[in-house]
Amino acid sequence: MKQEFTITVYTENQIGLLNRIAIIFSRRKINIESLNTSPSESEGIHRFTIVINETEDVVRKLCRQIEKQVEVLKAYYNTEDEIVWQELAMYKVSTEAIAEKVKVERLLREYGARAVVIRKDYTVFETSGHREETDRLVKFLEPYGLIEFVRSARVAIIKSSHGFHEKLKEFEQTEPGEEVIENVYLSKQAEVFTM
Amino acid sequence: METILTAPKNIAASTPGNTTNISGSQAVLEAFIAEGIDTIFGYPGGAIMPIYDALYDYNKELTHILVRHEQGAIHAAQGYARSSGRTGVVFATSGPGATNLVTGLADAMIDSTPLVCVTGQVFAHLLGTDAFQEVDVINITTPITKWNYQVTDATEIPHVLAKAFYIARTGRPGPVLIDITKNAQLQKFDYEGYKKCEHIRSYRPKPIIRKEFIEKAAQLINEAKKPFVLFGQGVILGKAENEFKAFIEKANLPAAWTLLGLSALPTDHPLNVGMLGMHGNYGPNVLTNECDVLIAVGMRFDDRVTGRLDKYAKQAKVIHLDIDPAEIDKNVQTTVAVWGDCKETLPMLTKLIQPNQNKVWIDKFSEFAQKEYDVVIHEELNPRTDIMTMGEVIKTLNELTNGNAIIVTDVGQHQMVACRYAKFNQSKSNITSGGAGTMGFGLPAAIGAKYGAPNRTVVAITGDGGFQMTLQELGTIMQFNVDVKILILNNRFLGMVRQWQQLFNDKRYSFVDITSPDFVQLAKAYHIEANSIDKRKDLKNALQTMLNHNGSYLLEVMVGKENNVFPMVPQGCSVAEIRLQ
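First to last, the sequence lines map onto chains H and B.
Position one of the first sequence corresponds to residue 3 (our numbering), numbered consecutively onward.
Position one of the second sequence corresponds to residue 26 (our numbering), numbered consecutively onward.
In isolation and in its complexed conformation, chain H is listed as follows (with noise of 0.2 Å):
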């Protein structure tokens, strides 16, 4: 069964790399609904977040496919329930309309909404939330004339995740030695490093 899957993708920062990794889904014809980059926890690392509506099988033998690019040092993959997510939306609406027809304390109130911008002729709310409850904005606003709108891709903690830092050092070391051989990893398969 298709459902949402939000990958996570440790790299290096390197040019090119956003093409190797979407090809890989272009190539299997597969959609990618919404991609972030952006630093990471550990120095010089980047994260991509990729969201996906694919079999787990499918996302599975993606992630596979991902780990095996040169400058990928992992690859997660989780469904929605194992993240916290938002993304953040932007308004653009005409500053008179709503100063007139909108009690604005409700729209911050009710919609986490903040003003970032207010001027004369216009006034760019802004909110950040699961897709909902920035589309709820959207349609509350949508009668007073939207001028623009926009929204982010989607950023994702997982839940489960004990960072990256550890299983970093772990990844340095050249050759495994019998330590790693022997790691606690070792009976969780599912969770195990595979690179």
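In case anyone wonders, no lab produced these hints; they're calculated from the structure.
There's no promise every hint is true.
[To be verified] Under the rule of at most 20 Å between Cα atoms (straight-line distance), these lysine to aspartate or glutamate pairs were calculated in the EDC-like manner:
1. B:Lys-339 <-> H:Glu-73
2. H:Lys-76 <-> B:Asp-349
3. B:Lys-336 <-> H:Asp-59
4. B:Lys-448 <-> B:Glu-417
5. B:Lys-231 <-> H:Asp-59
6. H:Lys-63 <-> B:Asp-327
7. H:Lys-63 <-> B:Asp-335
[Unchecked claim] Footprint (simulated), chain H over chain B, 3 or more residues, beta carbon under 8 Å:
8. 281-291
9. 426-435
10. 463-470
Heads up, the beta-carbon is just placed ideally off N, CA and C, and yes, glycines get one too.
Fit chain B to the known structure of chain H by using the hints.
Here is chain B on its own, set in the frame of chain H:
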């Protein structure tokens, strides 16, 4: 960590910390020398001229083979890599020079061949301006390289090339392309010597070996009544032929090969039960669906091996040994995955398995082999008609070479027949385009194979179709006196497509009727000795003359026009539904 520093040419060994001023181009060649490269296949052009200018001074250390087309260069480098077990190196210029490498890169990628290709590129300030011979080669080659990188500054060259060689040859090998802008080739910089790359933070060439999975695998093998081993090129790439032999011999495990695994185990080894897949042997295909434990070593369950996947070895527990974690569970669900280099994992496994006779089970392979011999092989090797078959040509060649030659094939019917019937005594002797199925591969790959193994006889077996795709490389053979024996099995058809049209398209022979030039005259125009025969009585002598000839030789053998390759697993069928006729 051992580091290897080499001083640049013509300069006395410098003490650490000393630098010398050299150009980016020189740095490229210094890297090659430090990596032990002696042969380059290439073709010059505007954007790679500075490297070729530097090469002029390195003609003692580096042999450059001027091909006739860049595709020829990369296939030659593949042949070199496959016959020598070393990394093949290619030079090409920007634009069309680089795009001509694409087929070879795709071929090397899917067949895991270690290559380092260096392409010239326009000046960095011209990138993105649609300059003359500018092509975005990095993005074109991204899906068909293990790694690629564009160099715009000469100071990057030593460590980028070190990385390139390291990535190309380690782990699951593959092609790497380094695109160097002309300014970087010309730029002088303070060179501190060459340091081999031994570690990349984000790259783990060998997965961690997990002992408990080896134990589990051994247990499955020990409990098996009908164990069956499939082996692929991973055994050859891992240089694990002896480890593999020890493994199957200890418990008498029958072993069948994929197209690229061929020659890893001698043909007449008693446990070698033959070839897998679409045109493989009868027993290995049928018994895949009868074995109880399937042990796959360094192979990737290609669709030409498995046939219909949902009916593939469903009854069996599957053990998969592979160095590439992405191959595990990709096509066939494994019961036990043994990640790692099979050079290390096979001995660990051998230690834990118990001797076993498996006699009844092995006899079953012999029964199927006998049936296949009676229905297919006997007639193919000893035809009753006057028309020659491809199989009998290979059989006669076997008698004359005793299985000691390197056989390079092109793609099509002759490839399947050559791989089915050619005899091999040693590894790295079968060079063919497997995953990509690149027609035109044979001739240039044979040139490279000869440079990779100069003391061995190299026979390029090719068809009339594939030969015409890259026959310009006869020019290379002529110029460099490359001792390659070219054996064209001419059936005056694009035979494999014709066979499919006959079997599945009601004999609608759509554009498979191919005419050929006079190959003997053609060869002679290149000053290559040649002969053409169409009678059985001439076959042995003609082959002997070819093999005895001092230097390159072309022999054309006219074979049956409408012969088919059997057995065959029709597309979309299970391996058990293999047809003998």
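Outcome of the hint check:
no. : hint                    : in the structure
1   : B:Lys-339 <-> H:Glu-73  : violated (36 Å)
2   : H:Lys-76 <-> B:Asp-349  : holds (14 Å)
3   : B:Lys-336 <-> H:Asp-59  : holds (19 Å)
4   : B:Lys-448 <-> B:Glu-417 : holds (13 Å)
5   : B:Lys-231 <-> H:Asp-59  : violated (24 Å)
6   : H:Lys-63 <-> B:Asp-327  : holds (16 Å)
7   : H:Lys-63 <-> B:Asp-335  : holds (18 Å)
8   : 281-291                 : violated (count 0)
9   : 426-435                 : violated (count 0)
10  : 463-470                 : violated (count 0)
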